[in-house]
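Okay, here's what each chain looks like letter by letter:
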Amino acid sequence: MSVRLSPTAAIMRHGVLLITAAVVLVPFVWMVSLSLKPPGEIFRQHFSFLPEQWYAVQNYSKALTSAPLPRYMGNGVLVCAAILTLQILICAPCAYALAKLRFRGRDLIFGFVLIGLLLPHQVLSLPLFVLGYELGILNTYAALIFPFVVSPFGIFLFRQVFKTIPDDVVHAARLDGLSELGIVWKVMVPMALPAVIAFSIFSVVGHWNDLFWPLIAVRSESLMPPPLGIIAFANEQAGNDYGPLMAAATIVVLPLVVAFLAAQKWFVEGMTGGAVK
Amino acid sequence: MLACALAGPAVLLLFSLFFVPVIAVFVISLTDWQFGAPTFAFVGIANFREVLADEGFRASLLNTIVYVLIVVPGTVILGLAIAVLIESGRSLRALYRALHFLPFMATIAAMAIAWEALLHPTIGLVNQTFLAMGLPTANWLRDEVTALPVLAIIGIWQNLGFAMVLFLAGLKSIPRDLYDAAEIDGADRWLDRLCTVTLPMLNPVSMFVVIVVALRAFEAFDTIKVLTQGGPGHASDVLLYTLYRESFEYLRTGYGASVAVIFLAIVVALTLIQARAMDKRVHYQ
Amino acid sequence: MSNIHLHQITKSFGPTPVLRDVSLVIKDGEFLTLLGPSGCGKSTLLRILAGLEVQDSGSVWIGERPVDGVRPKLRDIAMVFQSYALYPHMTVGANMALPLRMRRLNAWQRLPILGWVVPGTRRVAAEIEAEVSRTAKALDIGHLLSRKPGQLSGGQRQRVAVGRAMVRHPAVFLMDEPLSNLDAKLRVQMRAEIKDLHRRLGVTFVYVTHDQAEAMTLSDRVAVMLEGELIQVAPPQEIYANPDDCRVAEFVGSPKINLLDSVVRERGSVDAVGTRFQLLSDAEPGTALTLGIRPEAFHLSDGGGVNTLTGAVRLIEHMGSDLFVHLDLAGLDHALIVRLTADRAPHIAPGQTLHLSVKPDRVLAFSRDGKRLRAAGPAEMCKVPSLRQFAL
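Protein sequences appear in the order of chains A, B and C.
Residue numbers for the first sequence, in the UniProt record's numbering: 1 to 277.
Residue numbers for the second sequence, in the UniProt record's numbering: 1 to 285.
Residue numbers for the third sequence, in the UniProt record's numbering: 1 to 392.
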């Protein structure tokens, strides 16, 4: 499509895209802008991006101290890491079995995986809540993690990628004396690394941003992941102290945005790969 | 057996975390069970009757459809336009892609709080700008006429970049030769090229994007929870928010399960249409 | 008259030069092939000629006018692509009609449904349909007009691509490796059809390929390109028998020409791999030369004397009517390859010692920088070998 554009067309292209990009960025800019301002400037009926009086230090330190924001972030990291680790540990061997081994019931299991792909997780929340209650793990880290330890999308994706690895590689690995689990971790997963990375990004982004399940699973502030924490913070502030609230929102959004800008290609791949779901 | 050992944990967990729960939802939706109650009885489709007769639920279903009908065309058309614009030149592609994709990455619960500030009736940028331009202002999120459309606009804002990258992938897969052939055949103006090659070649991708965006729109929850809690009244109540509120705030278990079943039916139908659309894509190869 | 003049064309992609000062005249009605390995710039040159790419400097003339900056649509050319570039969403008929529709109908008339009410649309559309079906019949694809390209075989798609180019009677046909996506058997058949098409239409064909057999069998003239430069433009036989450059000699011909390092002893006589060769050259004594001898230039002899090599047979490849014999020669680190007709060389076995002679006029001399050295005078003209060598 990229045929020579005439200079006017090229300028039009940049013009339109700069405008749409600017519009898309407005909420981010507004958020950061408010996080730098003292209350007096925020409630003034006149907008400027940069504050007259810099209030960033006060806002951000208040965000970090008056609410357990570091705790929320830590919870987010812990929960995402635990979910991702368990997902890979559980999905990769299953995907390997589905892709490379012949056994009775294989197609049936794959069918279950496909059905699992079809199910929106929110539909399962009620029975999972009951299950968590029966297990006595509600309002613990375990409650945040357990519904997600197996990912049908992970199994599906890994199986598709493992299938493209030639059988000969598996045979050679067996001749070299590797166990089946050894083949999974020392041959298949390293060879499918791009897919594993894409899945990891998909998983981490999804669970870092998830609000629905944490809302159901935990009540105590010390367990809240960032999205839930920021809402709790917002409710406490009752909408009057915008500076620290925007600072907190900025801090919550920042890790993924920075990671995204640093590894754009991987993120786009991971997030759109998830579109298959 | 070997395969059992490898696949076993995953299969076991799939069963206990996906299949048993989904069957449980169906069963609960047919009973009068309340969370915490020791016994239950089957009541047939009484829960569904109650749900469908409920003004609140009907409003919620209608709102969801309206929301989807705004978000899907808005997202798909804007995403397509931006993707075509980005791909039609060479400079700054990565930058534009990153900027437009940003909202899709960002934690929506936190961004909703930024939107709340933006839409604040007195200090919000939106009303300040509208005021300066002589346009009517409103308390956008507290007004029952504007609440849902504003949420839909936020939905478009959030998903636009996603549609864009899907279209970009589709555009990249159009063979260059086709544009060359079109140029030689005389379809050498931008609009001719668009109509002769780009749009027809994107047709299968577009179908896919429509469904994927529709699925995401049906699953809208975070912005509603943060910004309006379904209000004012039921003006911005959507299916997933109803599901959450009835199941976990009001603890109306049977009602919640029925909503879940209805929601599932819609999502499954859409996904099946998507699968058919994906099959159709093969025709063009 | 549609002579094509390419005048001092240069082109770089970023820092990489792809075309260096290429000048070429293509005569009206000629079948000219741009031959070269991939990456030599031949496709870029064709695309510049088509107007799909813009040269950095130099100019292109088609007929009496410069076409630099003229859109491809207005250059009176048609092009067949390697991938055929058929529009997958259109039927064969619509594919072939498109170039006519874009030219004869205006934007309003091309609108779906609405276009039909614009005056004149029906009449022009009917004309177009008639022309498409006439062309399709001529190419034997008349029965495929309502199919989509995805339902056609490779050969059928190729014909549709040719039909789309043919339907508007361009002055120049450009073909970019049109046969390389076909299997070997079909390729030979389509090669003959393209040759026939050129004969029937009588217009200029510019054909790009890396396949020397296609170049040799199809062309009136072959332009050999290497590393962005035009090395030699000549009829096929001339390219083969009388190359201007060592690289041309190496690129054309299979198996490859044998190259031997040598030093001139006296005028018309050189030493190479321990043998004295007589050849047609004026090079001064002491000059270092590269000798090029085609595998089929050798014939078996009794041994001894000038122009005769002696070596041990390393291996034999039977090709049916011919044998390729690989010989180990003292003082040569690679094998010498000799092509002998099977009936003349009945009892050759590995390990056996063979004596091979070559006539002086079949020894090509190249300077060390690859330029061909020719003797002055009429003796330079070489015997033209048959085209059988390319039939592989």
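To be clear, the hints were calculated from the coordinates, so they are not data collected in a lab.
Glycine residues also receive a C-beta, built at the ideal position from the N, C-alpha and C atoms.
Incorrect hints may appear among the rest.
To be verified - Partner residues aside, some chain C positions facing chain B, computed with beta carbon under 7 Å: (1) Arg-71; (2) Pro-72; (3) Met-79; (4) Phe-81; (5) Ser-83; (6) Ala-85; (7) Leu-98; (8) Pro-99; (9) Met-102; (10) Leu-105; (11) Ser-367; (12) Lys-371; (13) Arg-372.
Subject >> Hint check, failures only >> reply: 10, 11, 12, 13
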